[in-house]
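Protein chains in written order, with this note's numbering: chain A, 1 to 225; chain B, 1 to 225; chain C, 1 to 225; chain D, 1 to 225.
Keep in mind the hints are simulated off the structure, nothing from the lab.
Accuracy of the hints is not assured; some may be wrong.
Copies of the same chain look alike in the list, so a pair counts if it works inside one copy or between any two.
In the BS3-like style, the derived pairs of lysine-lysine whose C-alpha atoms are separated by at most 30 Å in a straight line are [stated by the list, open to error]:
| id | residue 1 | residue 2 |
| --- | --- | --- |
| 1 | Lys192 | Lys112 |
| 2 | Lys23 | Lys111 |
| 3 | Lys171 | Lys112 |
| 4 | Lys171 | Lys111 |
| 5 | Lys171 | Lys29 |
| 6 | Lys111 | Lys176 |
| 7 | Lys23 | Lys6 |
| 8 | Lys176 | Lys36 |
| 9 | Lys224 | Lys176 |
| 10 | Lys215 | Lys112 |
| 11 | Lys192 | Lys23 |
| 12 | Lys23 | Lys176 |
| 13 | Lys224 | Lys36 |
| 14 | Lys36 | Lys192 |
| 15 | Lys224 | Lys192 |
4 protein chains.
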Amino acid sequence: MEITQKPLVILNFKTYIESTGLKALYLAKISEQVFKETGVNMAVAAQGADLFRISQEVQIPVLAQHVDPVDVGGHTGSAILECMKDAGASGTLINHSERRMELADIDNVIKKTTMADMTSVVCTNNVETSAAAATLQPDFVAIEPPELIGSGIPVSQAEPEIVEGTVAAIKDINPKVRVLCGAGISTGEDMKAALDLGTEGVLLASGIILASDPKNALLDLVSKI
Amino acid sequence: MEITQKPLVILNFKTYIESTGLKALYLAKISEQVFKETGVNMAVAAQGADLFRISQEVQIPVLAQHVDPVDVGGHTGSAILECMKDAGASGTLINHSERRMELADIDNVIKKTTMADMTSVVCTNNVETSAAAATLQPDFVAIEPPELIGSGIPVSQAEPEIVEGTVAAIKDINPKVRVLCGAGISTGEDMKAALDLGTEGVLLASGIILASDPKNALLDLVSKI
Amino acid sequence: MEITQKPLVILNFKTYIESTGLKALYLAKISEQVFKETGVNMAVAAQGADLFRISQEVQIPVLAQHVDPVDVGGHTGSAILECMKDAGASGTLINHSERRMELADIDNVIKKTTMADMTSVVCTNNVETSAAAATLQPDFVAIEPPELIGSGIPVSQAEPEIVEGTVAAIKDINPKVRVLCGAGISTGEDMKAALDLGTEGVLLASGIILASDPKNALLDLVSKI
Amino acid sequence: MEITQKPLVILNFKTYIESTGLKALYLAKISEQVFKETGVNMAVAAQGADLFRISQEVQIPVLAQHVDPVDVGGHTGSAILECMKDAGASGTLINHSERRMELADIDNVIKKTTMADMTSVVCTNNVETSAAAATLQPDFVAIEPPELIGSGIPVSQAEPEIVEGTVAAIKDINPKVRVLCGAGISTGEDMKAALDLGTEGVLLASGIILASDPKNALLDLVSKI
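Please model the entire structure based on the sequences and the hints provided.
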């Protein structure tokens, strides 16, 4: 399941109870419906233990939320790329603000992901770390100012200069890296603003997952594209 | 799936390629066969992304290898108990030497596991930390001197005084806590020695997983009980 | 510089700017004055880079706030016990809630501290982890419910049952371990309540360090003993 | 104490017993002598608890080995920049391979170091992470392939293409960033090779610290410049 169309919406399930187990499967199916109904490229980032169940049931890309920077072997309790891929993951978030990674490990996991022909989405917190991430040649960089995550205040409207600065800094280093933005995104206006600033999509979570009607929230999100 | 019979054998899949994905499922089925053929209580500890697939297919307990000490919510990339349980885990290893945890987090995860009616298996490295773990009231403490893990030198024969000391220290603090031993265990002799020293079972990995014939290795393991 | 008298007051300098560098030296001198004026046993826990300067200038015990669980060798950036001792530390806090440690490392550092003839003060967050810590035979266990740290609400008055339960649990396991309590302590009433509950002293920080007149605050703290 | 001359030699004391306490002071004095005798710019990176004592006694730059990415406040056990500077540090190593840091924290500490008018030396493990580090605008990047650290095999001779590639990648991103190389460096030949490859100095440790005669080892190191 490649991620080729644009714009792209990645729905990060985090570890909300509303997006765990069967509820995660339900949200993945809704995301697939929105893809089929609107043609907008949708992907979900699920908890490790939910990857297999979801990837068996939907036709949109299913990403892991994190991969540990270790190889196969004696690493009890680690989440390795090989197991994630076998469970159906077609890519992974890397360095999410809730799971920051060491610089050398980000480099390592991007390389492993690329070698496995999977999609890498590196999350960053500002213009400077976005530029640093871009030198490592991931598929995507997703800029998410930590202070706006879960705030309901969309980064694309509250701090447009960070989004624009990130797009410029990344394209200057490596034009092939695609830029997403996250943090506070939930409406069609937020997403339109994100695209107008030069991004190719959004990474979001609570604005959809905790909505009273997630499908309608997703439909609204992609309505202004 | 309760863990009631004894002795108990827990096969830790770690992150070996030989125990990932379909190969993990195969090893789980072998373990189930050994249980059915010999009546010896078998359990497997699988990678997070393999839990669902395995638990759907076998009738023996499937444990997680690690649970992160966080509650449901915004914790991208964490392995939460709720998701593990939903995926079919009936318990979890805690504080394995390859995934050591903070003291406060061990306490937290044991409590969460107990509240969820799941089995807790705390791994420890010596007599002192085994006693400390016993005060936290887990179901099992598994003593594994780190220097013997993966060595092929069975702790039950190389350092019997550590196993005996651990059993004594734990029973002195809380007689309800059951003691396993690990590190270097692979043969029927090793397991018999472990039981003779007062343990109620073993936790093992490479001795079986990397064996040329894992099923025969398991049958040999339980042959002297 | 041994810690023998009782009760004991340990003033944790944390990393407040008010207790860094020359200001840390000033607070240490105030603490020494209070010891000389009142006879109450005072100790300070200073930042690593302040240990040498302070220990050269005061006659009360100076503790480290943390020691990394590594031996001498190639560990760039680690704070090793040998260097702390050479700089004048006569003991160390271990596992403070702002610097939680793995169980195996707590055991390791207590042993290293004891071998070096230094004082170990293990911080814990509840009755259960206090009992666990006591099995490891530190000199002191300091119980500090995290939710009260820096709150100004004294644990000795807000949650007396936790303090009493901790004293009982620890003495049951090892009567030689001495119990301190912390979190929210700042006044003479708070300290008297702590001692009345069976503790042998207090561990405190912001209540004194951020006071408008730290010396008077310390004098008030020890006024009801 | 600014670091302006070139080439530069940074002697990392790590946590060897041979470079702890009074022995660290002795090595710092030797380094100062070599600076005075040869004019080659020398600096030392000392353990936190040794910074004050050393900086009081020598006239060459004294760096910290690591700074925690936290501000002043309630962070017991952390090594904050403010305290390091007050103790005499004029800069710090960042992200040493023995103390890897998260990407966002490297960015944070470089900014704090720059704001404090101190020198930042970011350690990296390969060409890719060196380029990433250069985007964050540190004063120096020190490339040290981890497999060669402490090996006695000089990176400047064993893997010259990594050193050259790093110099090229860094200068392409930010010509103002100065490049050091480390790992296995100990002789004058090693250092000459490093400079010939375009670096402006070396970061080294065991080759000097564990030498039978550290001063002669240092004099040999700088003899071919």
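Going down the list of hints, with the structure as the test:
1. Lys192 to Lys112: neither (33 Å within a copy, 35 Å between copies)
2. Lys23 to Lys111: between (32 Å within a copy, 25 Å between copies)
3. Lys171 to Lys112: Both: 23 Å inside a chain and 27 Å across chains, each within 30 Å.
4. Lys171 to Lys111: Both: 20 Å inside a chain and 23 Å across chains, each within 30 Å.
5. Lys171 to Lys29: Neither way: Lys171 and Lys29 sit 34 Å apart in one copy and 48 Å across, limit 30 Å.
6. Lys111 to Lys176: Both. Shortest intra-copy (16 Å) and inter-copy (28 Å) distances satisfy the 30 Å Cα cut-off.
7. Lys23 to Lys6: Only inside one copy: Lys23 and Lys6 sit 27 Å apart there, 37 Å across copies, limit 30 Å.
8. Lys176 to Lys36: within (27 Å within a copy, 51 Å between copies)
9. Lys224 to Lys176: within (25 Å within a copy, 44 Å between copies)
10. Lys215 to Lys112: Neither: 34 Å inside a chain and 32 Å across chains, both beyond 30 Å.
11. Lys192 to Lys23: within (28 Å within a copy, 46 Å between copies)
12. Lys23 to Lys176: neither (35 Å within a copy, 37 Å between copies)
13. Lys224 to Lys36: Within one copy, since 17 Å is at most 30 Å while 59 Å is not.
14. Lys36 to Lys192: Result: close within a single copy only, 20 Å intra versus 59 Å inter.
15. Lys224 to Lys192: Within one copy only: 6 Å inside a chain, 61 Å across chains, cut-off 30 Å.
Of the numbered hints listed earlier, those contradicted by the structure are 1, 5, 10 and 12.
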